[in-house]
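Participant: Sequence:
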Amino acid sequence: MKKSTLWALLCCALCFSPSRSAAQDYVQLTDMPTIYIETENNQPIVSKEDYLNATLHYVDETGVKVYEDMEVRGRGNSTWNLEKKPYRIKFGEKEEFMGPDRAKAKSWTLLANFADKTLLRNAVAACIGDFAGQPFTAGVQFVDLVLNGTYLGNYQLSDQMEVRKKRVDIDEQDEVPTEDANITGGYFLEVDGFATFEPVYFRTGRNVMVTVKSPDEEVIVSRQLQYIKNHMQEFEDALFSPDFADPEKGYRPYVDSLTLASWYISTELTGNVDGFWSTYMYKKKDDPKFYWGPLWDYDIAFNNCNRVGDVSRSLMINKGFGADLTMKWVLQMWKDPWFVQLINRTWQDCVARGIEEHVIHYIDSMAAVIDRSQAMNFQKWPIDRRDYNEIVLFSTYQEGVEYLKTFVRNHCAYLTETFANAAENMGSIEEPSPEFVLDEDFYYRIYNKGTGNVIDVLDGDEGLVCTWAPARDRDTQLWEIRAVGDYYQLINKGNGMALYDCAEKEGDIYLTGSQLAVKKAYTSRTRQHWSFVPINTGNTYVMVNRETQLAVNNEGGGTDNGNGVLSWTNDAENMFKNTRQWRIEKDEPKEADGIADVEQELQYVVLYNPDTKQVHFEAEDRSRLVGDAVIYDDGGGRVMQFALSQTANLSTVKEGIYILVWTEGGRQRSVKIAVK
Numbered sequence: 001m002k003k004s005t006l007w008a009l010l011c012c013a014l015c016f017s018p019s020r021s022a023a024q025d026y027v028q029l030t031d032m033p034t035i036y037i038e039t040e041n042n043q044p045i046v047s048k049e050d051y052l053n054a055t056l057h058y059v060d061e062t063g064v065k066v067y068e069d070m071e072v073r074g075r076g077n078s079t080w081n082l083e084k085k086p087y088r089i090k091f092g093e094k095e096e097f098m099g100p101d102r103a104k105a106k107s108w109t110l111l112a113n114f115a116d117k118t119l120l121r122n123a124v125a126a127c128i129g130d131f132a133g134q135p136f137t138a139g140v141q142f143v144d145l146v147l148n149g150t151y152l153g154n155y156q157l158s159d160q161m162e163v164r165k166k167r168v169d170i171d172e173q174d175e176v177p178t179e180d181a182n183i184t185g186g187y188f189l190e191v192d193g194f195a196t197f198e199p200v201y202f203r204t205g206r207n208v209m210v211t212v213k214s215p216d217e218e219v220i221v222s223r224q225l226q227y228i229k230n231h232m233q234e235f236e237d238a239l240f241s242p243d244f245a246d247p248e249k250g251y252r253p254y255v256d257s258l259t260l261a262s263w264y265i266s267t268e269l270t271g272n273v274d275g276f277w278s279t280y281m282y283k284k285k286d287d288p289k290f291y292w293g294p295l296w297d298y299d300i301a302f303n304n305c306n307r308v309g310d311v312s313r314s315l316m317i318n319k320g321f322g323a324d325l326t327m328k329w330v331l332q333m334w335k336d337p338w339f340v341q342l343i344n345r346t347w348q349d350c351v352a353r354g355i356e357e358h359v360i361h362y363i364d365s366m367a368a369v370i371d372r373s374q375a376m377n378f379q380k381w382p383i384d385r386r387d388y389n390e391i392v393l394f395s396t397y398q399e400g401v402e403y404l405k406t407f408v409r410n411h412c413a414y415l416t417e418t419f420a421n422a423a424e425n426m427g428s429i430e431e432p433s434p435e436f437v438l439d440e441d442f443y444y445r446i447y448n449k450g451t452g453n454v455i456d457v458l459d460g461d462e463g464l465v466c467t468w469a470p471a472r473d474r475d476t477q478l479w480e481i482r483a484v485g486d487y488y489q490l491i492n493k494g495n496g497m498a499l500y501d502c503a504e505k506e507g508d509i510y511l512t513g514s515q516l517a518v519k520k521a522y523t524s525r526t527r528q529h530w531s532f533v534p535i536n537t538g539n540t541y542v543m544v545n546r547e548t549q550l551a552v553n554n555e556g557g558g559t560d561n562g563n564g565v566l567s568w569t570n571d572a573e574n575m576f577k578n579t580r581q582w583r584i585e586k587d588e589p590k591e592a593d594g595i596a597d598v599e600q601e602l603q604y605v606v607l608y609n610p611d612t613k614q615v616h617f618e619a620e621d622r623s624r625l626v627g628d629a630v631i632y633d634d635g636g637g638r639v640m641q642f643a644l645s646q647t648a649n650l651s652t653v654k655e656g657i658y659i660l661v662w663t664e665g666g667r668q669r670s671v672k673i674a675v676k
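By this note's numbering, the letter at position 67 of the sequence shown is numbered 67, and the numbering carries on one by one without gaps.
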């Protein structure tokens, strides 16, 4: 279809009046179904908690189906803050909204896939989960969405993650249990980095935070919460016991090996950096095992997160988020020969059955299926604009699809090699912590290895520094890191002050035990200068003050919010003390500095073609492309320099990660490029 014809159809479709008959007004915009939602009085959807009454029209080649008894609200965590927003819809009665092969349910999701310029990553993850043997994966039906007369783009209609037949199929509890009820199941759980925002959650003995998704807060009783907490603790204690690898005394009686293997294989093949930060599990009635899955939320998977960079030749167990959550457990499992052989055997079976070809075919076929819809989507939402954490941007949709397929091919080869080597050698698969590399475009969160809580500023006591459970609404947990020579200064986003070592001095010795504080930032104050010393594995560091040479320490290993952060001994015991070890992780991208920066961001983009290995700057006004750019290798060596108005050719360089650096508006900017 020509672009002019497509837009004529779109404009015609959006000029409806809700008072007209459905047959005249609600048309199918592309060869995908079209969903029209009108909220009561055309109210905007501004909340993730409060539903609005609405009417939904579902239009496909068979005609128009009207749902008048329904509600809609926002959904998602960080994705809710993006321009193209995801939604949750809820019908008054259970509906087979995705056909008889899917659940009959009230609640469904509309995923925006805004951070994913292929729109396919969540769908491909479901394809992988099905192939690997997950009992349930989220449904995939792409649609075009119109909300209150405004076209919003291509969306993925999918299941809500909940206990339900043809979803998480365990015993559902919809009322308060009687005193003699069997409370051994079912439980739907999520190991969740943001569990403290959920109504029902608990912590294990090793401070892993677990949310109870079902039974929900309205019907669960205290003895149920205590039961599932105790059972999870039994699993964790067995996993870290001296007999952890024993088939009877260890952790194996507590895990379902089929779902454990399929979940882990899927996490690694998708390159899901959030796989250990958010992990779903469930427990059936009268069954001691935990079942792993379903898979969920993969829009920053498949090499699409610039917070960690290229992961084509990395395991998520080493590069992903969640080192203080599910990753703790799985790293311990990797020390068990049974688990190593299980993963290698499961992966080799997937390879023998043709998983790579299966996934590549699925990507190609789904890209063809949504071709008209994606073209319309990217007319509204520019494909060459960075909207979240995308590593590489593309000038065409097909370039993004090829990038996705290239990652799958390369990562399949890497996993085959890595899992086979692990099975043969039974050596550690943990990578040593690398030297810290600063990315000035992000704020950081700093997690204690022992507790998983983050460095924060204590409420009510101006300037004192503490640890606190990760919380999305606390800007005091975000730190801007600035290079000061060979050291770093940490500036708190919430108050603009710098992390400061208050250690008292006695003669020539600085005394341990002083609580850290934040003070007005001065680059000349050496008590505000810190070095990040890599320690052990898991991307952990000891933070050492330049002047006092003392280390940052979580007081007593405490897990309570407000626990003190002290300056403490810095010695050979660092490698054994989790209280002194910290993960320094990129979090939120920094906001643009003023209107001028916003305008500049919208007027040009850096484009890289992985096939031709050419990189260039594209701008509406090419007269703005003045100056030079420099490409460095990952060791800091200069590779080439070129004018912003020219095209750089990287076809002669070896595979690896390169840094493109240029100056614009007096500010140095950079982006990583993965050359394969």
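Note that these hints are calculated values from the structure, not bench results. If you're wondering where the values come from, they're calculated on a predicted model, not measured in any experiment. Certain hints may be false.
[To be verified] Below, in silico cross-link-like pairs of lysine-lysine (BS3-like), each with a Cα-Cα straight-line distance of 25 Å or less: (1) K586 x K84; (2) K405 x K104; (3) K104 x K94; (4) K505 x K519; (5) K405 x K672; (6) K586 x K505.
Participant: Give a verdict on every hint.
Facilitator: Right, here's what the structure says about each hint:
Using a Cα cut-off of 25 Å, the hinted pair K586 and K84 holds, with the two alpha carbons roughly 23 Å apart. Between K405 and K104 the alpha-carbon distance is near 34 Å, which puts this suggested pair outside the 25 Å criterion. The hinted pair formed by K104 and K94 meets the criterion: a straight-line CA distance of about 6 Å does not exceed 25 Å. Note on K505 and K519: the hinted pairing holds, with a Cα-Cα distance of about 18 Å set against a maximum of 25 Å.
Between K405 and K672, the direct Cα distance comes to roughly 19 Å. Compliance with the 25 Å bound is thereby established for this hinted pair. Distance restraint check for K586 and K505: the Cα-Cα separation of roughly 34 Å exceeds the 25 Å cut-off, and the hinted pair is therefore not satisfied.
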